[in-house]
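Chains as they are written, first to last, in the numbering used here: chain A, 4 to 474; chain B, 208 to 506.
Worth double-checking, as some hints may not be accurate.
Derived DMTMM-like pairs: lysine to aspartate or glutamate, alpha-carbon spacing no greater than 20 Å straight-line [unchecked claim]:
| # | chain 1 | residue 1 | chain 2 | residue 2 |
| --- | --- | --- | --- | --- |
| 1 | A | K368 | A | E132 |
| 2 | A | K424 | B | D454 |
| 3 | A | K440 | B | D454 |
Computed far set for chain B versus chain A, every beta-carbon distance over 12 Å [unchecked claim]:
| # | residue |
| --- | --- |
| 4 | S221 |
| 5 | L231 |
| 6 | L240 |
| 7 | G279 |
| 8 | I291 |
| 9 | A302 |
| 10 | S305 |
| 11 | S306 |
| 12 | L316 |
| 13 | F350 |
| 14 | L391 |
| 15 | S397 |
| 16 | A425 |
| 17 | L437 |
| 18 | Q502 |
If you're looking for bench data, these hints aren't it; they were derived computationally from the structure.
This one's a predicted model, so the numbers in the text were calculated from it and none came from an experiment.
Built from N, CA and C at the ideal position, the CB exists for glycine as well.
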Amino acid sequence: MHRLTNTILALRALSSGVWVIACLLILSTLLILVRKPSDQGDLQFWVYSPEHAKMYVPMIERYEQSNDVKLDITIMSNAAIQSRMMSGFFGGLPTADLIEVEKAVAPQAFMGPIEAIGFTDLTDMLVQEGLLEQFNQPSLNPWSVDGRVFGLPHDVHPVMLAYRADITEAAGIDLTQAETWDEYFAMLRPLMADTDDDGKPDHTPLSFWYTNQDLIETLMLQGDGQLFTSSGQPTIHTERNAHLLATLVSWCLGPQPVAVDINEWSAAGHKAKVDAVAIGYIAPDWMCSIWKMHVPGLTGKLKLMPLPAFEPGGRRTSVRGGTMLSIPKTTEHFDRAWEYAKLLYTSPQVARELYREVDIISPVKSLWNDPVYDEPDPFFMNQRKGRMYIELAPNIPLRPSSPYNKQAAIDVRDAMGRLAKYAKEQELYEPEQLMPKARELLETMQRQTERRMERNAFAQEDLAPISEDSQ
Amino acid sequence: MSAKVIDRNRVLFSWAMLTPFLLLFAIFVVYPLIQSAFLAANQTFGPGTRTFVGTKNFQLLLADPVFWKSIGNTFIYALGSLFIQLPLAFALALALNSSKLRGKGIYRLIFFSPQLMGLVFVSILGALAFEKRAGLVNQAIAFITRNEKFLEIDWLQQHVMATLILISLWLYVGFNMIYFLAALQSVDKSLMEAAEIDGAGPLGKLRHVIYPSVKPVATFVILLSMIGSLQLFELPYILLESSGGPDNRGLTIVMYLYQNGFDLGDLGYASAIGWVLALILIALALVQIKMTRAQEVNA
Chain A
4 MHRLTNTILA LRALSSGVWV IACLLILSTL LILVRKPSDQ GDLQFWVYSP EHAKMYVPMI
64 ERYEQSNDVK LDITIMSNAA IQSRMMSGFF GGLPTADLIE VEKAVAPQAF MGPIEAIGFT
124 DLTDMLVQEG LLEQFNQPSL NPWSVDGRVF GLPHDVHPVM LAYRADITEA AGIDLTQAET
184 WDEYFAMLRP LMADTDDDGK PDHTPLSFWY TNQDLIETLM LQGDGQLFTS SGQPTIHTER
244 NAHLLATLVS WCLGPQPVAV DINEWSAAGH KAKVDAVAIG YIAPDWMCSI WKMHVPGLTG
304 KLKLMPLPAF EPGGRRTSVR GGTMLSIPKT TEHFDRAWEY AKLLYTSPQV ARELYREVDI
364 ISPVKSLWND PVYDEPDPFF MNQRKGRMYI ELAPNIPLRP SSPYNKQAAI DVRDAMGRLA
424 KYAKEQELYE PEQLMPKARE LLETMQRQTE RRMERNAFAQ EDLAPISEDS Q
Chain B
208 MSAKVIDRNR VLFSWAMLTP FLLLFAIFVV YPLIQSAFLA ANQTFGPGTR TFVGTKNFQL
268 LLADPVFWKS IGNTFIYALG SLFIQLPLAF ALALALNSSK LRGKGIYRLI FFSPQLMGLV
328 FVSILGALAF EKRAGLVNQA IAFITRNEKF LEIDWLQQHV MATLILISLW LYVGFNMIYF
388 LAALQSVDKS LMEAAEIDGA GPLGKLRHVI YPSVKPVATF VILLSMIGSL QLFELPYILL
448 ESSGGPDNRG LTIVMYLYQN GFDLGDLGYA SAIGWVLALI LIALALVQIK MTRAQEVNA
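Looking at chain A on its own, in the form it has when it is part of the complex (with noise of 0.2 Å):
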C-alpha cells in the first residue's frame, strides 16, 4: 500500500510535457495497431516522374482487367530511387520489381563485374523475341554493358535548336540555311548589335555557357567528344576535345561572344528567353514540354532546326537525358515484369501518350509512322516537330555507361572553366590561340580520372595504355 502511494504520488509529481508524451506513444502505438495493412499488389514498380506514372495508369488499369495480377506505382524522387536501389543491391535485399532509372543513377548500378550488376540481363529475351532491332541502336547505348542490355529504353531525346523565329525572321534571316555553328553566327550578327545603348548587344546567337555542365556534354557528344571508348577506357585528352574545349570556351569570350550565360530552369532565364537575350536554345525534345508549361510566352515564337555543326556534313544532332525500365535480378516474378515492361515500353497508345503529354518520341522505330508525331505544334510557329525529332533520332551519338563518365564530366567542365580564366587573363579568344592550354588541362583532368581508375583494382582491366590513334 506504502508503495502504491508513493508510486503515485511520483507519477503527480511528472511535468504536463512528459503526459503529453506518454500519451501521444500510446496514442501512436494503438493506430499503428489498429490500421489495416494496404493492399499490396503482386508486383511494385518505382517510377520518378508523375507524368510517366500518369500515363502508364490506365494502359496498367485495361491490363489487369483480363489477366489476374496486380502491379503498384510507387512514385518517388531520383535520389530516393538510387539510395534504395542501390542500397538493395549492396545488401543483395529485394528492391522492386520494375524500376525506372535514369540516365544520371545508371551508371552507379553498372559498377563492377557484369555478373554483380543487380539488373537482369535482357539481351537474350530481346534478341528472342525480336524487340532489339525494333529499338534506335544509339538508344540502348546507355543501358549496355559490354554489348549486353539491362533496360529497354524509355525514349531517344535528339537534340535540336530553338531559334527566336519572330526576331530572325522579321530581320529577314533564315537561320534554316545554317550549315555549322559558324556560319549560324556569322548570319545572326546583325542582331548583336547595341540599338538601346545599354553597353549589351539586343541579343546574343545561343544559350550556352562554360560552366553548364549538361550544355558541355550535351555540345561535346555532337562533336563526336568522347571522354570513355566502348571498352571503358578513359580517352579525355585527345585532340578532338581539345578542339571542342576550345571552340566553346572562344564562343563565350572576347570583345563580342556569341553565347550568353541563361539559366535553363529559373524564372529569371525564363524572363530572359522571352525578353529575347539570347536567339537559340539547346532543345532535347523533352524541352519543349518544360518550356509550354513554364515559359507560355514563348508561344508561337520558337521555330526548330537541326543544331549547326561544328563542321561541314558534321553531325546535326545530339543527345541529353535519358531513362531506362530495368528489372532487378530480385524479383521473384520476372515473367510478369517481363511482359509489363513489353506492354508500357513498346504499346503504341503510351508512345502517343508521352509526345502529346510530354513531347517525348518513343525509342520504338515502328511506332515513327504514328501521325502524332506529324501533328503541328503551335508552340513551335506549326512546325510538325515530332516528325523532325524523329529524323534525327537515329543519327544520336553513342554514351559510355562508364561509372567514371560523371566525374569525368565534371573534370572536363572544370577544364573549360580554367581555359576560360586562361583566356580572360591571356586575353586570347581564337580556338588556336587556346588549343595548346586546352590540351595541357586535358592531360591533367586525363591523368585524374587513371588515377581514380588505378585506384580500383577491378578496374585495372580497363586502364590499358592510349593507342597514339585515339589521341
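Fit chain B to the supplied structure of chain A, relying on the hints for placement.
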C-alpha cells in the same frame, strides 16, 4: 524482502530498462562502426565486389589532392562559423537581452525562423538569392553601388565557400543566438549591479561579468558548431548539385565520402574517409573536454 533481493531486483530492472536502448545502439551504432572499420581495409566497386587492401585506402587518401582540398574547404567553413557566425550570434543575443529593446519575441522569431523552414528550403532560397544577374544579393549590391558590373558576380561558381558561409549565417546565427541568449539570461543580476556600482562600463561588464558567466555555454556552442561544420554536407550538396562545385571549390569531407561511396561505388575508400573524419572529431572533443576541465579547475 532481504536487501540482497531488492538490490538484485533493482539491477534486473535497470537492465530491463536499458536493454531496448542497448539493442538499438548495438544494431545501429556498434555494428556499423565495426563494419565500417572492416570496410576501410577493403575495396569495393559496386555490389558483389570486395577485396582486402589492408591500409592501402589510408595511404592513397594521404596522397590524394582532392581529399586535402576537401579538408581545406571544410576547415575554411568551420573557421567561418567560428569567427563570423558565433560572434554574430553572441552580438544578436546581447542585443536581444537588452532591457531597452521592444518586441524581443518578434526579433527572436525572425532570427530563429530559418531553422523552422529547414535546411533544404533555406538552401534553395539561398541559391536563388545568390543567382547571377537576377539574384537578390547581386541586385542589392548593384543598387547600392550604382554599378551594374556587380550583377555579374557568379557566387556559386567563383566564390563558393564565401556563399556557403553566408547562407549558413542565415541558417545558424539565430539557432546559436538562442543558446547565448539562454546563457545571458542566467547571468546573476546582483553581479551586474555590483559591477555597475563599482563603475564598470558596458565593456567592463562584458569582460568581467558576462563573459565568465557564458563561457561554459560558449565552449559548448563552439564545439557543437565545429562538429556541425566538419560534417557539412546537405548545404553544398543542394547548392552544387552533388558535384563539389567548379574545381571542387565547395567539396567538403563528407561530400567527398559520398562521391566515393555512392558515385564511384568504393565503400572502402569512403569508410577510410569516414574514419579520418571521426579521428578529427574525436581530437576536437578531447580538446573540449580538456578546456572544460581547465575551466572547472580555474573556477
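Now for the hints, and whether the structure bears them out:
1. For the hint linking K368 (chain A) to E132 (chain A), the alpha-carbon distance of about 15 Å falls within 20 Å, and the restraint holds.
2. Straight-line distance between C-alpha atoms of K424 (chain A) and D454 (chain B) comes to about 12 Å, which keeps the hinted pair within the 20 Å bound.
3. A hinted pair counts as satisfied when its Cα atoms are at most 20 Å apart, and K440 (chain A) with D454 (chain B) qualifies at roughly 16 Å.
4. At the 12 Å boundary, the C-beta of S221 (chain B) stays outside the reach of chain A, the nearest C-beta of that chain being 17 Å off.
5. With a closest Cβ-Cβ approach of about 16 Å to chain A, L231 (chain B) is found to remain outside the 12 Å limit, as its non-interface label requires.
6. A cut-off of 12 Å between C-beta atoms confirms that L240 (chain B) is not in contact with chain A; the least separation is 17 Å.
7. The beta carbon of G279 (chain B) is kept farther than 12 Å from every beta carbon of chain A, the shortest such distance being approximately 16 Å.
8. With 12 Å as the threshold on Cβ separation, the claim that I291 (chain B) sits away from chain A holds: the shortest Cβ distance comes to roughly 27 Å.
9. No Cβ of chain A approaches the Cβ of A302 (chain B) within 12 Å, the least distance being about 30 Å, so the stated non-interface status holds.
10. Non-interface call for S305 (chain B) relative to chain A: holds, since the shortest CB-CB distance, roughly 30 Å, exceeds 12 Å.
11. No Cβ of chain A approaches the Cβ of S306 (chain B) within 12 Å, the least distance being about 30 Å, so the stated non-interface status holds.
12. Every CB of chain A is more than 12 Å from the CB of L316 (chain B) (nearest about 22 Å), matching its label as outside the interface.
13. The claim that F350 (chain B) lies off the interface holds: its Cβ sits roughly 16 Å from the closest Cβ of chain A, which is beyond the 12 Å cut-off.
14. Distance check on L391 (chain B): its Cβ is at least 25 Å (rounded) from any Cβ of chain A, clearing the 12 Å threshold; non-interface status holds.
15. For S397 (chain B), the non-interface assignment is confirmed: its Cβ lies about 29 Å from the closest Cβ of chain A, beyond the 12 Å cut-off.
16. The non-interface label for A425 (chain B) is consistent with chain A: the shortest C-beta to C-beta separation is roughly 28 Å, beyond 12 Å.
17. In this structure L437 (chain B) is separated from chain A by more than 12 Å, as the shortest Cβ-Cβ distance comes to about 23 Å.
18. Listed as a non-interface residue, Q502 (chain B) keeps its Cβ farther than 12 Å from every Cβ of chain A; the least gap is roughly 31 Å.
In terms of the numbered hints stated before, the structure departs from none.
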